[in-house]
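Grab the two chains, each in its own frame, and use the hints to assemble them into the complex.
Just so you know, the protein sequences line up as chains Z and X, in that order. Start counting the first sequence at 1; every next residue gets the next number (the working numbering). Start counting the second sequence at 100; every next residue gets the next number (the working numbering).
Don't read these hints as lab results, they were simulated from the structure. Any given hint could be a false lead.
[Claimed, not checked] Subject to a maximum C-alpha distance of 27 Å in a straight line, what follows is the list of computed BS3-like cross-link-like pairs (lysine-lysine): (1) LYS98(Z) with LYS195(X); (2) LYS25(Z) with LYS271(X); (3) LYS25(Z) with LYS98(Z); (4) LYS195(X) with LYS25(Z).
[Said to hold, decoys possible] Okay, the calculated beta carbon distance ranges per label pair: (5) HIS52(Z) with ALA108(X): 19 to 29 Å; (6) PRO235(X) with ILE67(Z): 23 to 33 Å; (7) PRO250(X) with GLY53(Z): 15 to 25 Å; (8) VAL173(X) with ILE67(Z): 14 to 24 Å; (9) ASN227(X) with LEU94(Z): 47 to 57 Å; (10) VAL214(X) with GLY53(Z): 16 to 26 Å; (11) ALA90(Z) with GLY245(X): 40 to 50 Å; (12) GLY209(X) with ARG87(Z): 36 to 46 Å; (13) ARG87(Z) with GLY114(X): 41 to 51 Å; (14) GLN109(X) with ILE67(Z): 25 to 35 Å; (15) ILE67(Z) with LEU118(X): 26 to 36 Å; (16) VAL203(X) with GLY53(Z): 35 to 45 Å; (17) ASN85(Z) with ASN227(X): 57 to 67 Å; (18) VAL122(X) with ALA90(Z): 22 to 32 Å.
[What the hints assert, rightly or not] Rough simulated footprint, nothing fancy, chain Z against chain X, three-plus residues with beta-carbon under 8 Å: (19) 107-121; (20) 132-142; (21) 154-166; (22) 170-179; (23) 210-217; (24) 234-245.
Fair warning: this is a prediction, and the values are worked out from it, not measured in the lab. For each residue, glycine too, the CB sits at the ideal point set by N, CA and C.
Chain by chain, the residues:
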Amino acid sequence: MLTTQFLLLGAVLFCIGVYGVLARKNAVMVLMSIELILNSVNINLLAFSVRHGSVDGNTFALYIIAIAAAEVGVGLAMVLLIYRNRRTIALDDLSEMKG
Amino acid sequence: MVAADLLVAQNVAFGIISLMMIVGALRVVTVNNVVHAALWLVVVLSGAAAQYLLLSAEFVAITQILVYVGAVMVLFLFGTMLTRARIGAESDLNNKNWALGIPVALLMLGVMSYVIIDGFGDERLIENPGDMEPIPVQVISDDIFGPYLLPFWALSFVLLVAVIGAIVLARKD
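With the rest of the complex left out, here is chain X (with noise of 0.2 Å):
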């Protein structure tokens, strides 16, 4: 199926990218340890920033870098360590029925890429790849400004509900 155009440039890209993303994944949900699982995250994370890039999303791109390996990277390290008495493996991370998700997640990949290749099949994401041309700022900021202006007031209203909630609620009295 990939095999038609693998020696695309692009391909090989997002092959060796999402292979380094599906494994730091992993990594997150079997490490013992929740820094290293912290630190696996920002691999996937970064890898998920280089795929906006092979999809042309230059400014969500960015956006991912500055707030999730930026700013979340960082709130997870000082929650992790504010949390914690001891840096290091730990052996109790996991439920004692932790297996259970095991097949409730393969059952739901597998319904997932029955639909998705059923559905899409062989169709290509865009017909010429050299069209694909990165998308101007100007142009998102015309649309978050625009049609989706109100989803940004109430976007703006959580944000600051967010900041006072986490301020009242992890200050000590």
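Chain Z with its partners taken away, still in its complex shape (with noise of 0.2 Å):
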């Protein structure tokens, strides 16, 4: 196996990532776009813990896990209250933070 297979794996789930953030419109499917962003992190971490011989990526993978839950459980209260508040979670409609 090769460096380069696991980081381009990584990089190509990084930009199909970074175009869900900048393409959809609906809150969740933002949300879920970054939890790829993450996913391919994790899979670089990984890939030089092992380079490495260190044990450090899976540590530093664990704990991107654990952001990313606690990431996901206050995204989706928002969108939650965002939801309750306005009747629709499409990101273009919330303006009023906008100069």
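If you want it as structure tokens, here you go:
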């Protein structure tokens, strides 16, 4: 197995996630794209963990999984709150903060 | 590049799983149905867990299945069903200028691929793939509760705050 193949897989997933964040309007879909991005980073970390013969990458990956779970919990709570107040979760319509 | 050791079973497994993951990820960002997108995301997350197994990170793979496929997906499906009146295909899931995302993503992919291939080239991940052994959980826990104890505390605090914050945000007064 080559280092490059894992890093390229991570890069492809990262870019697909970035496209999703940019293109999607539905807030839940944007959160899903963020999950794609976090997973691509995890693949990179574990590949480097093997490459350096160190266990640190596994630790970082576990921390990222925990952070992602917290992020989804808070993010979906915010989405629910927005939906309750405005009956929509389209991110285009949330423009009060716009200057 | 990969063709040199295509016969190695791990490479075949890698190819199949990564193809599955990329197709799943593309479906996540293109499909017109939120529930279907969540189910395609399950494919990607399970594929990532399989890649972790290939990288001999068993504990992370199991955690991935438990946390992502088990908990996060249920949260997503709940979020979808609590915020939408109808189940089924929708036409307006994309932004007005969604097409701008394609050149941005392709440009990033180009730059990142160039840097990765330029920097690592044909380098093997590990000299002798037979040497790869599953990392014992004990070693990971020694790492977490040794040099990375402070981030672990911070992480525990973040999880506590996230739980409280989610309850405060989502409850009806």
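| field | C-beta pair VAL122(X), ALA90(Z): status relative to the range 22 to 32 Å that was hinted | value | holds, 27 Å
| field | Hint check for GLY53(Z) and VAL203(X) - Cβ pair distance inside 35 to 45 Å | value | This hint holds: roughly 36 Å between Cβ atoms.
| message | Is 57 to 67 Å respected by the C-beta to C-beta distance linking ASN85(Z) and ASN227(X)? | response | holds, 59 Å
| request: For the pair supplied as a hint, LYS25(Z) and LYS271(X), confirm whether the alpha-carbon distance does not exceed 27 Å. | output: Holds - the C-alpha atoms of LYS271(X) and LYS25(Z) are around 26 Å apart, at most 27 Å.
| query | Would you say the C-beta atoms of GLY209(X) and ARG87(Z) sit inside 36 to 46 Å of each other? | reply | holds, 41 Å
| query | Three or more residues of the segment 234-245 of chain X near chain Z by CB distance under 8 Å? | reply | holds (count 5)
| ARG87(Z) paired with GLY114(X), Cβ distance criterion 41 to 51 Å | holds, 46 Å
| field | 8 Å C-beta test of the segment 107-121 of chain X against chain Z, three or more residues | value | holds (count 7)
| task | Given the range 40 to 50 Å, decide if the beta-carbon distance of ALA90(Z) to GLY245(X) lies inside it. | result | holds, 47 Å
| field | Assessment of proposed distance window 26 to 36 Å (beta carbons of ILE67(Z), LEU118(X)) | value | holds, 28 Å
| said: Count the residues of the segment 170-179 of chain X whose Cβ falls closer than 8 Å to any Cβ of chain Z, and tell me whether that reaches three. | reply: holds (count 7)
| said: Can you confirm whether the C-alpha distance between LYS98(Z) and LYS195(X) stays at or below 27 Å? | reply: holds, 17 Å
In this structure, every one of the numbered hints holds.
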